[in-house]
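**Q** Both chains are given apart, each in its own frame, so use the hints to dock them into the complex.
Residue numbers (our numbering), protein chains in the order written: chain E, 1 to 359; chain P, 360 to 785.
Source of the hints: derived by calculation from the structure; they are not laboratory data. Please read all numbers here as calculations on a predicted model, not as lab measurements. Don't take each hint at face value.
Restricting the straight-line Cα-Cα distance to at most 25 Å, the calculated cross-link-like pairs of lysine-lysine (BS3-like) are [stated by the list, open to error]: (1) 233/E <-> 772/P; (2) 117/E <-> 28/E; (3) 28/E <-> 674/P; (4) 674/P <-> 732/P.
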Amino acid sequence: MRVAATRLYHWVDERIPLSPLVEFAREKSVPSHRYSVFYFFGGATLFFFGLQVATGILLLLYYRPTAEAAFESVRFIMTEVSFGWLIRSIHSWSANLMVLCAFLHMATVFFMRAYRKPREMTWWTGALLLLVSMGFGFSGYLLPWNELAFFATRVGTDVARKTPLIGEFLSQFLRGGDDVTGATLTRFFGFHVAVLPMIATTLLLLHLLFIQRQGMSVPDSQTEEASRRPGTKFFPNYFLRELIGWAVALAILAALASLFPWELGRKADPFAPAPAGIKPEWYFLFMFQTLKYLPATIAGIEGEFVGLVFFGVGGLLWFFWPLIDRGSPGGKPSRLVTTVGVAALAFIGVMTLLGYIGS
Amino acid sequence: MAWPLRFSVVVAGLLAFTVTVEGQNQRNNCIDCHRSLDDEELSQPARAAVDDVHASAGITCADCHGGNPTLEIVDEDYDPAKEPSTGFVGAPSVGDIPTFCGKCHADAAYMQRYDPNLPVDQLAQYWTSGHGKKLREGATDIAECVSCHGSHGMLAVSDPRAPVYPTKVAGTCGGCHADEEHMAPYGLPTDQMALHRESVHGRALYQDGDLSAPTCNTCHGNHGASPPGLSSVSLVCGNCHAIQRDFFTKSPHRAAFADLGEPECETCHGNHEVAPVTDELLGVAEGQICGECHFEDEEAYTIAKTLRQDIEELKARIAEARTTVEGAAVAGMEVSEAELILIDANQALVKARNTVHAVSADALREQTDTGRKLADQALEMGIAALGELQFRQKGLAVSVFFILLVVIGLYLKIQQIERPPRPTDE
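Chain P on its own, in the form it takes in the complex (with noise of 0.2 Å):
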């Protein structure tokens, strides 16, 4: 680099500093102030400001608390930036909080100044959710917007030491949702949480690290929180697993769930602690769930009894082309089109299994017969190639044998032209 480019590099870069000083310097008495107050309650906020989301976006105590923070004080007299004219409304009460909030985050025209994608309904959900509801009903030991995200210092929501990040949200929702003290007036259960963190979301989110993996506000919504109605579950499952929710909401049971008053996926599933899905919770046999409800003088016994057969049949036959194309394989034969077919059968046992949650023997036959179709044509290849291994090992056999012939051939004639004349022929 030439030296008059560094030159004005340098310069470019004073200049720089020196604007950004001059912008951090202007003058802000309540952090000044409040940083070296003795009382641990009035000094903590202060001192968290700094890693605190709005400070770093350029909103100052004053665009919430009100109040003047650029005014001199004279004489340690802080009340003239504190009179009502400077708009100072200083530490809401807990029932303010929502619309001390919603102030700027439910203001569509604000909130595109600092992030148009941020959303604005919070307040207007958060009223319709059963917290929002008990606080309008005068409760205080109530969550509300703080009781969640924190007040100062508060972190992004994609900040992972945020307690609203979406491995630290059941531990949030927990700090009053596993206390038994404070769910007793409301009747409420407290292991959700422990049940949640054993479940199968639970280990893809905690164990994996899958944050797309459910956690509570998933299902429940985050600001306007409320336990998924019986009829809505299959929604709110189906959000995720929707395949799964087309075919229940076609099936017999939707309709008698509903008669039962019974929950849709929760039923068969459970909610919090909802298991890995495997195919032994189909059928009628002990443990398996069908079999809870369903009895042998009944259609849908035989029915559900006809589904596990039927998933069963096509992982055996899955099974058994996989295992004569692996041999193949290994074996050194070219199967990649097999193996091709039987991914593709995989595929037709995976949609059968989503096909169960129609509980029709019918319209599961129609995937199964597909996937058998498959295997099947999987396992002819294999047997072809497999027959195509032996055709070569008889052809090597053969050839090896003619090769050995020419050797003892060419061996013979070495021997005979090499063969010292006998006496009787000179």
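Extracted from the complex, chain E is given alone in its bound form (with noise of 0.2 Å):
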């Protein structure tokens, strides 16, 4: 067998050398100190994803994304086909986990300061995958056609709407007609399983190309440390610290999906009326209750399209924060990305705690 691999090994490396790729993995080392915890945290969401993927391609096997069929469709997969249920419910689960892992790799690479130059680029494709990742939430939280899914899909592409200048087109292009249908049912389906995870895939390559570029930053406080202690070898010591990360975040997502299977609901009845506690997933839910609380003009100007020009512009500087934070590059922690940091999770942690509270 190993003779075989060796054989097979130097086949493919007369053709295409992979004698660099190997010595790069052998070389690769990630740097030891006190923080170096938070690195799994990128490890996990590219796991989720993984799984998203082999998950979603098993429920593309007899889902079908009609008015007519979805509902039926799922209901097909959690009661009828071989573990359906599993299936369904580690595909639920594990996009909620991606999202939190995400959120939390995106704090910890805040705090850690470790979008500053040269990993703008790495940050910037980091940010776009969130929100592709929020895209897919948001697309796939409609798929099983259920009525929770179908109001809460009316109330976000409602918001859409109110997007200064292009809200009307956004809303029309998002729905395919003025309500949501069955044809936002297919188009959120082409989203979710063609153009999300294209675009996804991109971002991700790219994104993982730039880290093995530049290798992992280290925060202002720990490079003496860093610097002190030797480096783990990726291959294979932080690799299998990497797999034990993993296999914890299977076991937990194993429990959520036996012990919490994701519920299915009552079809969605568009001539229905909304049902009550209606709310978008938990990761909108800082967006929605600020445009709740806001009242219904403000200085004149409608109460909605000022919280979304103030979220417009929050993604703005949150997106554009390499650029804007320059300061302190002696290397010390800098006060003002805490600040900033800190009262913006504030801000989402209490809207976010108020939604559920809410409801």
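**A** This is the structure:
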């Protein structure tokens, strides 16, 4: 077996030189310091993404993306297909855990200021990946075509309508008409299984390429410790640690999927009144809740519009933060970054909490 | 909007206003004079006419009372406007009111000009009613059109302020029928309105605001108001409770009640005080209705007991199935199909309750058997879902065990490769 593998390696190496890659992998190391544990969030996000792809492909074998058949096909998956309940539950739970890990990964990168030169592009591809993940969540939420998803999508696409300048176009583009219908479902399905995966894969490859090329960033406060301690060799030492992290993540996921199976709800009825307790997925909740608190008009301007401008500006600041944070190049921790980060996290946390308490 | 268009709209508006004002300015001496009179009895009709359904349809005082309202009044002499040649009839006497109103309301051709949907048989019905008959006999303290609808300032039936609006009907009837002094000569009870208010029908009407809930005229009729006869009670109740009525007419109770001179539905349910129906009414124990007429040595006694037992058994089966299915649903299992079957089982229970009116143990059994089968089916699905849940939890425990083994193995591997070389190895 080993002989065969060696022969195969040499066969490929003769045609496409693999030695530089092997050498790179052998040399690659991960800085070792007090906060090294935070590096795991990126790997965990990647792990959940892999699970999403695998379970998503399995769901595709039975899912039917029409208003007439979507709900029934998901119910069929959950009740009739062998281990279909597990696949769907893992898909739904790992989607949420993926977004959670991506959020945590981004927060740790932010506080460790790992976005600074020369890693701006890594931050941007990561930020776009987070947005794409939220896009996956938004489009995937509608696919079971149940009551809550239907009305939450109606509210979500209504909010999109308030976007400055392109709101009407955006709403029509997302819905495929004036209201959420079977056309929206087909469209969301297309985004979910074709458009977004293509974008995500491209961004992910770029993100990983940048990380490999530049290595892991070391926080300012840890440069001394990191220089004193030898880095952890990536293969096999760090990789084995990563595998432990993934195994733990898998155990958590298995427990969640088995103990709290993702519910199906009732089939969407566009003519029924909206049920109580409509709310978006938790990662959109802070925006939803903020918009709810805003008055109808603020200084003569529509409240929702002001809210969207606020989030738009916030989003742009977040995206271009590597260009904005140019202070303390000497390596000292930045008070501004900590303050802004904590304030943003507190705002998101409080609004999300209020969203849950309110419902 | 371009300015020529705006100009045209303004001109059109002014024209419409002018036409309206002109129409309203047509002389009506009746209103003008009566409104200024000091005598309340004479001035009230003119003031009340503002809101009147007839006035708003363009019907004037003279259309009902005759007279010439357009004649110019000279030296405050009103008599020429009320000369017999003008058809003046003034205020009709109580006995004449039905025909006074019926002059138009019983004329189909005339009524079609205003509202083709309005019935025109009120007058004919009225003469068949208890009220109409008494009026013809010469009674003057009897209800006629005005007693219920009012006279001037009359409102449409659909107007919530009208005395004949569903929520006001009982109060309007009660104006006479709850008055002991008024009813004494006729020997009629006066507690119907109070009983109705507390009944299941009254609560639906007044507390829930359900305007389709029955009030006095729903069962007694309105223009042809009369108490339903013994044999026609089930027809009255059956207007709404059709299924129960069908079962009742096939039941042995129908003939038995007729022989005994007992009213139909009313014998068990009461009339004005009809209470919300619960399963507690059924059976032979104390406080249960069947036991009031049937005793231990009768076959009917056994049937009544069986009916109650059958219903209770079905309820228990459904409750057991619901607890199991809900338990599985709370645990996150997909049991929507079992929930749908439970809805069908409940439907079977409702049908079984209706079938009780047939007082046939076999007929009831047929329904409860259907319900029991459905409840059992849902129960089986609930148990299967809970079994599946257990399987999943066990599967989880096994998989977590293996994952843990992998974690330990990886940890040991890391320890092995990172262990510093022993001095002897060097």
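**Q** Please name the hints from earlier in the document that this structure breaks, with their numbers sorted from lowest to highest.
**A** 3
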